[in-house]
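*Asks:* Here is what each chain is made of, one letter per residue.
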Amino acid sequence: MSNTTRKKVLLMGKSGSGKTSMRSVIFSNYTARDTRRLGATIDVEQSAVRFLGGLVLNLWDCGGQSAFVDNYLSSQRDTIFSNVAVLIYVFDITSTDWEADLAYFEDILLALRTNSEDAGVWVLVNKMDLVDKEDPKRKKYGERKDDLLAVDQRVRKEVEEDGKGNVKGVLRCFPTSIWDESLYKAWSSIIHTLIPNINLITSHLTYLRNLNQAVEAVLFEAETFLVIAKSGSPLDCDTNDLDEVEVNKGAKGLDQQRFEKISEIVKGFRKICQRNHEQYQGFEAKFDGCTVVLEPLTRNTYILIVSSDPRIETGALLFNIHQAQNHMSEFGARSVLERKCGLCRHNSELKYDVKGDDDPSVSAWDDAPF
Amino acid sequence: MATNGTKQAGTPSGESSKARTTPSTRANDDSHRQKILVVGWRKAGKTSCIKTVFQQVPAREVPYFGVTQKIEKINYDSIVPLQIWDTPSNFELDQLEVPLSTFSTIVYVLDMQQDDSYHESILKFVHLMVRAYLVNPNLRFSMFIHKAEVLSEDYRGENYAEIQRATSEEIEDFPYKTLHSYAPNLDFEDPSTISLIINQLISEVKFSMTSVHDVSLRDAWSRVIQGSMEMLAAVESLLLDFTSHSSADNSFLFDIRSGVILATDNRHRTDDLSEQVTEYLSSFLQFRELYKPLTSQKPNGVNDKDERQDTNGAEVDGEADEDDEPRGWWDEEDPEEPWMTQSTRLLPNTTLALWQFTPYLALVVLLRTETWQTRRGTIEYNLTFLRQGVREILQVI
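Chains G and H are the protein sequences, given in the same order. Quick note on the numbering used here: the first sequence kicks off at 1159 and runs consecutively. Quick note on the numbering used here: the second sequence kicks off at 970 and runs consecutively.
Each statement offered as a hint is correct.
Below, a list of computed lysine-lysine pairs in the DSSO-like style, where the Cα atoms sit at most 30 angstroms apart:
(1) G:Lys1291 <-> H:Lys1012
(2) G:Lys1291 <-> H:Lys1261
(3) H:Lys1261 <-> G:Lys1419
(4) G:Lys1419 <-> G:Lys1165
(5) H:Lys1261 <-> G:Lys1429
(6) G:Lys1410 <-> H:Lys1261
(7) G:Lys1291 <-> H:Lys1039
Label pairs and their calculated CB-CB ranges:
(8) G:Gly1300 <-> H:Gln1083: 37 to 43 angstroms
(9) H:Ala1135 <-> G:Ser1186: 40 to 46 angstroms
(10) G:Arg1194 <-> H:Gln1025: 23 to 29 angstroms
(11) G:Val1494 <-> H:Asp1240: 48 to 54 angstroms
(12) G:Thr1189 <-> H:Tyr1033: 17 to 23 angstroms
(13) G:Asp1293 <-> H:Lys1146: 55 to 61 angstroms
(14) H:Ala1135 <-> G:Lys1429: 33 to 39 angstroms
(15) G:Asn1505 <-> H:Arg1257: 34 to 40 angstroms
(16) G:Asn1368 <-> H:Phe1354: 38 to 44 angstroms
(17) H:Arg1257 <-> G:Arg1194: 29 to 35 angstroms
(18) H:Ala1135 <-> G:Gly1300: 49 to 55 angstroms
(19) H:Leu1316 <-> G:Lys1513: 34 to 40 angstroms
(20) G:Arg1235 <-> H:Arg1011: 55 to 61 angstroms
Simulated from the structure, these hints should not be mistaken for laboratory data. Just so you know, these numbers come straight off a predicted model, no measurement behind them. Glycine included, C-beta positions come from ideal geometry on N, C-alpha and C.
Given these sequences and hints, build the entire structure.
*Replies:* Written out as structure tokens, the structure is:
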């Protein structure tokens, strides 16, 4: 029944740029302070992270010392660079030898493109916290980004001229720091593109939001607390592209980075609870006219529903979440949907196979419960 | 927020005796405030001790704080209105424009990692304590042994003990006779006078290990503020009553903005527990901040709470006292008031619940999840009495 998808994720970049620190903060519950005790990564450290039940990330944390990198580019070239879903390349903004860093990156990008033409490339320019005080406008980051995009263009051309294929994967740049939510933002963006059935998840979240007359319904991965999807407009869209409900309910005034901040807040508090041998399980709150619940939805996800209608009670939100649980968990673990649902009837992503779909006595998941 | 603005003191001039005779023009506004004097060696962390707690400056900005050039007074409205005086490193007692006796507490900040200047710094503190004791024997002393995060666990404990021991020694060895001019009516030749002072000081001074990166700094301030709360015992017994009648495990009364614990029921309180509830409150407040813009755009209703937050809570509570009819607690409860509430479930079986009491007070209760699920109604009923009791105590003072 289960349709596990394995995705190979390469984590590369020069030694000391912060690859392992990032991985530890995102996947191993390290705080930024904890990363000080990490040593250099030797050769390639592989780890598998299960995500949402159906998705397994095979993380290849590639040590960045030049001896290793030369190996990756020569003898290990095929092993490392084939079947890659995502390359995450980390730069250190404080690095003094940008030209050399860039040259290495170009070699690696070329190796990747010739072996895995569809791979997405995320370039994270890390340690931004160290330069932000002296360069608040991030001029230096802007220059770095331009250089990187130029390299991408060059490599693209080279590969296409050699007739080795047609590069489809795109390159994206993110400024990051392990000390703030920017890291979560970059990784959410990476994860978002790897998740199967993301459109189904989004349409159901939107449905749930409208049912609850809420401002937004947001899905987080339970382990990393990375945001996976949200109702309405896309996760990283511009404030001008919000959908009607969001505009009417005032989502425009909200912090654009709020989901990353929530990831950070929840993970921080969860760590404190673990110290007391307790486990964070969800909350409900009413404040300033908002009603909010954060509740486990499936085994691997949490859902956050925010309503700005003071008449809405937390109990009503919880009831709807519990009603949604069974159906929503189908997306992660199965390839055949067996619950009657008007939203899924016309989906093209998963097989919809519901007995009694035409039988009016069987209620559909999206028949409003009240 | 408007209430904790910083006021710059005028350039301190002249000696203290002169300042004593010229009443400050601001004395009227400040007279109801408990004054806390924060002193310490250069770069000890005085300003960060104050700003990270009372002005909500994030700890990561601490390295960028400039050097404090002159005395700064920070007003803070809490269960007791406070005025915290931040001092520059070259501060001398004679620069104060008000008599030393008007302060209720002196907080001395000592940098734990600077082994080389321990001794001098402790000497300065002891000198300050003795001078202050001579003008006001009721003054309280607190030493924040700061920047604890830089040392390893073992080393930290060792230093902490060493500093306490050195301070006691310096109090015993202090040349009391040299201060004869400050207290002409005391007989410093009499050993019993001296030993009385010594015993008083040694038992009075409270030590706390602090760090801006964890809850220890708030704990230290909690002890300082509790020292200034005359109503502490009354509030504590209310909390104890509420906690036992509601089958809860612990209750904590928080000052919301600073995240400082003002009172607890004092049962099984551990550092881990205080840390957990303090982090709980601050996590929730950060979260709330993210969604605040949703309601601030609304034309009416919810908005007036923010305005209330800026005024003194006691004024808000005392607004309806024109009629003479006998009043019950329910008259004072405003069902429309959008006080925040929150509850968080933890596995295996704990629930943390929060209720806001006044614009600046919140109660955090720790209880079994089963208790919460089966008795929520009773607990919230009991809570209205507790809330009323706390408010009444606040109105009396």
